[in-house]
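**Q** Read off the chains here:
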Amino acid sequence: MEKHRPKTEYSRRERFTRWCVGEYDPSAERLETRAPADEAARLELQRLQEYAANADRGIHHELYELGLRRRVGLFTRFYRVAAVLFALFLAGVLLLTVSYLPRFGDVSAPENNEVARRYIEKGLEETGAVNIVAGMILDYRAFDTFGESCVLFVAACCVLFLLRVDGQEDPRSQALEDMSDRFFEPRHDAILQMSARLLVPVITVFGIYVVLNGHLSPGGGFSGGAIIGSGLILYLTAFGFARTGRFMTEKLVKILTVSALSFYCAAKSYSFYTGANHLSSFITPGTPGAILSAGLIVYLNICVGIVVACTIYSFYVMFRKGGF
Amino acid sequence: MTLVQNFPFFSIILSMAAAIVSFVLRGRGSRCVHLAMVTAVLAMSAATLGCTAATGESYTFMMGHYPAPWGNEIRVGPLESAMALCFSLLMLLSVLGGLAHIERDIPPSKVNLFYIQLDLMLSSLLALIYTNDLFTAYVFIEICTIAACGLIMARRIGRVYVSAVRYMVMSLVGSGLFLIGLSLLYAITGHLLMSPAKQALAALVGQKSSAVPLTVIFVLLTVSLGIKSGLYPFHTWIPDAYGYTTPAAAAVLSSLVCKGYILLLVKLMVRVLPAASPAAGRITDVLFVLGVTGMIWGSVDAIRERDVRRMTAYSSVAQIGYIYMGLGLGTQWGMVAAMFHVISHGAMKALLFICTAGLTEVSGGRGDRMALRGAGYRHRIAGIGFAIGSMSMIGIPLLTGFVSKYTFAAAATGAAPRRMVAAWIALAVSTTLNAVYFMRTVLVLYTSVEPSQRRAKDYRPSRIENAATIGLILLNIALGVASPPVLETLSRGLAVFG
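If you read the sequences in order, they're chains A and B.
The first sequence maps to residues 0 to 323 in numbering that gives the first Met the number 0.
The second sequence maps to residues 0 to 497 in numbering that gives the first Met the number 0.
None of these hints come from the bench; they were simulated from the model.
Errors might be hidden in some of the hints.
With a straight-line cut-off of 27 Å between C-alpha atoms, the simulated DSSO-like cross-links for lysine-lysine are [what the hints assert, rightly or not]: (1) Lys-109/B <-> Lys-253/A; (2) Lys-207/B <-> Lys-320/A; (3) Lys-250/A <-> Lys-456/B; (4) Lys-121/A <-> Lys-207/B; (5) Lys-250/A <-> Lys-320/A; (6) Lys-197/B <-> Lys-207/B; (7) Lys-253/A <-> Lys-320/A.
Some chain A residues well away from chain B (every beta-carbon gap over 12 Å; in silico) [to be verified]: (8) Gln-48; (9) Val-92; (10) Phe-142; (11) Arg-163; (12) Ile-254; (13) Ser-280; (14) Ala-289.
Computed far set for chain B versus chain A, every beta-carbon distance over 12 Å [what the hints assert, rightly or not]: (15) Ala-16; (16) Thr-38; (17) Lys-109; (18) Ala-163; (19) Arg-305; (20) Arg-459; (21) Pro-460; (22) Ala-477.
Cβ atoms here follow ideal geometry from the backbone N, Cα and C, with glycine treated the same way.
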């Protein structure tokens, strides 16, 4: 049949004129704005939505039986007023305190002491990082940054612990889950998909650049990892779990996180051990400015970037679906 | 630098590495890794304690290639290593005691995540004990907070989520205040390491312009750590958080987590905030008053409570009050007594939570006092453990609680007369109240019941659980009988702490 259609039907101009008069809808049968639903699931969804809309008042009402306990209601009112007053008081005290602090940018301020001087004057020589901030967080104070990566790690574990859906769910609730996912994030959104196609590669490459160049220019593992993670989330939003599930599996996320953190742990243990025991270490600052310089910093940035990207992505999938 | 001096650093890194590796392991594997790691930390802390107690000196350990004001640093002395030893021992015994419950309460696919949280909890506690850097302390406070939240919601029942959210909100307020205090401190001193910060602060004390920021910083840091450790008016998260989660987590939370923050506060008081400033004196006043109030009100709340687990949790509020009362005395001995009570309360509370779990298990899973009638016959070792823990709490001689109370009372003689009298009265009242609710529960446990109710139906406690309970009982007795060397070590440790 299709082969015999007149050629004009394919032309853009023809489609445009037909769209103008309202005969043709380019998104028909391609864009899914709302998931097709059977009646029961639709009602269930409606109930969920109403529940969500009233949650703020409703849960509070149900939990504390506010209708029955007048005193609790009165206390809640008093509590709100007191909370606002206390917050204002605290803000006032903190503002007063700030007025006693040295002025911003004051040369004689206490923070412009020998610590900052050494970071600025000797940072490049000692760490090899042109970006002084990278030298500070990944060399002078690398233990803190390892702790920060572990904060992300433990937060990801906590979210997995709370939200990951394991084992056999009954098919009905799985179908409903799928439904509500499609309801809130419609599939095959042409505009979103086209922009994602254009943006995701750029975002990912930019993120990788920010990570790899972290020791040379502003940026580093934390910001670069966040950029890569947001690119992955955009891709997932546009194309759905079926596409991302092909490469971002739970196994991959686990392996990436564990190898990145283990490398960080091992490399920095070596560095701390040699440093504290005054042993010579084979890690050298290298040529400042080169991409493979600054000792461990570039590798540590990669590790932090991987951890941040994986954490952000797993937060998103856990809150949205409870699985990868 | 000798190998032993590296051990504190090894223990922190080892516990973090164990957490990282457990992410790809299954439940059994992560459990083995956790137990092996805690045992290794225990052994290393014992070696460090032996080394530092022999010399009686503390030393600093560079975390990296850069010395004090530029790089991170940890500092190790007799007090720190003694605390690390106790914390790892208590964590080992609590986890062993709650092992059977962990398997029951947590779905098998998520057991490794639970152990990750325990691993990181230990690493953050060790870091809080050893660190000599304010920002490292903040980072590990964050780890501790999130891991504690994970431990609170380990058991999948509705109440747990409410309590975890409440803990999260209050604890994050604490973190926020700590961070603000830390930033203000950095703004007026320019240092994040504790010893240089203290020198910078000492120079500022006399100046008029620094009086307001100093007071605000003192208040913010104290309040934030007070919230996190459950000091009296900020204690409302405690009963739910300890009352509903899995017993191992409850034991770890009550006996260790609060104590990590208290140790940090002591470290700030001794190592950072100059004693000469007027604000320091007022802070100890406030801590004393809040501690005394907590001692009384926590016990009153515990008497009102019917559920034994929540009652034990309220008793924690009272015991935290003891510790703050000791700090508020403002004397060296008051601090030694507080430090001893940190250890002693850990040993008592872990024992009580583990035994309560065993007792509720043989009473149809119900924790209220009526259901526990005769539970001491149904689960003998848990009954004995609970009785000993209660007696220790009340302060029967030869048990660790007695030594705590005695040391507090003795320390109060060195304080100002009004404080001394107030501390004695509070100790007497609180001890009486302790006796009311703990003895009442013990009597219920050993009320005579029909022979048919003297046997547990289809429940046999595992050997590991019994062994852990016996270990905790022995720890209570050992701390009670052999307290002089412990107190000696703690006071020598405090002398070189600052």
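**Q** Each of the hints needs a verdict: does it hold here or not?
**A** Against the structure, the hints:
1. Annotation: proposed proximity of Lys-109/B to Lys-253/A holds, straight-line Cα distance about 14 Å (limit 27 Å).
2. Among the hinted pairs, Lys-207/B with Lys-320/A is inconsistent with the structure: their alpha-carbon atoms are about 57 Å apart, more than 27 Å.
3. A threshold of 27 Å between alpha carbons decides the hint, and for Lys-250/A with Lys-456/B the separation of about 43 Å lies outside it, so the pair is violated.
4. In summary, the hint linking Lys-121/A to Lys-207/B is not supported, as the alpha carbons are separated by about 35 Å, beyond the 27 Å threshold.
5. Pair hint Lys-250/A plus Lys-320/A holds up; C-alpha atoms about 17 Å apart against a cutoff of 27 Å.
6. Among the hinted pairs, Lys-197/B with Lys-207/B is consistent with the structure: their alpha-carbon atoms are about 18 Å apart, no more than 27 Å.
7. At roughly 18 Å between alpha-carbon atoms, Lys-253/A and Lys-320/A fall within 27 Å of each other, so this suggested pair holds.
8. With a least beta-carbon separation of about 22 Å from chain B, Gln-48/A lies farther than 12 Å from that chain, consistent with its non-interface assignment.
9. Non-interface call for Val-92/A relative to chain B: violated, since the shortest CB-CB distance, roughly 6 Å, does not exceed 12 Å.
10. The non-interface label for Phe-142/A is inconsistent with chain B: the shortest C-beta to C-beta separation is roughly 4 Å, within 12 Å.
11. Here Arg-163/A does not stay apart from chain B, with its beta-carbon only about 7 Å from theirs, under the 12 Å limit.
12. With a closest Cβ-Cβ approach of about 7 Å to chain B, Ile-254/A is found to fall inside the 12 Å limit, against its non-interface label.
13. With 12 Å as the threshold on Cβ separation, the claim that Ser-280/A sits away from chain B is violated: the shortest Cβ distance comes to roughly 8 Å.
14. With a least CB separation of 21 Å from chain B, Ala-289/A remains clear of the 12 Å interface cut-off, as annotated.
15. The Cβ of Ala-16/B sits about 5 Å from the closest Cβ of chain A, inside the 12 Å cut-off, so the non-interface label is violated.
16. No Cβ of chain A comes within 12 Å of the Cβ of Thr-38/B; the nearest lies about 20 Å off, and the non-interface call holds.
17. The non-interface label for Lys-109/B is inconsistent with chain A: the shortest C-beta to C-beta separation is roughly 6 Å, within 12 Å.
18. Under the 12 Å C-beta cut-off, the non-interface status given to Ala-163/B relative to chain A is violated; the minimum distance is some 8 Å.
19. Every C-beta of chain A lies more than 12 Å from that of Arg-305/B, the closest at about 20 Å, which supports listing it as non-interface.
20. Taking the minimum C-beta to C-beta distance to chain A, about 28 Å, the non-interface status of Arg-459/B holds against the 12 Å cut.
21. Every C-beta of chain A lies more than 12 Å from that of Pro-460/B, the closest at about 27 Å, which supports listing it as non-interface.
22. The non-interface label for Ala-477/B is consistent with chain A: the shortest C-beta to C-beta separation is roughly 34 Å, beyond 12 Å.
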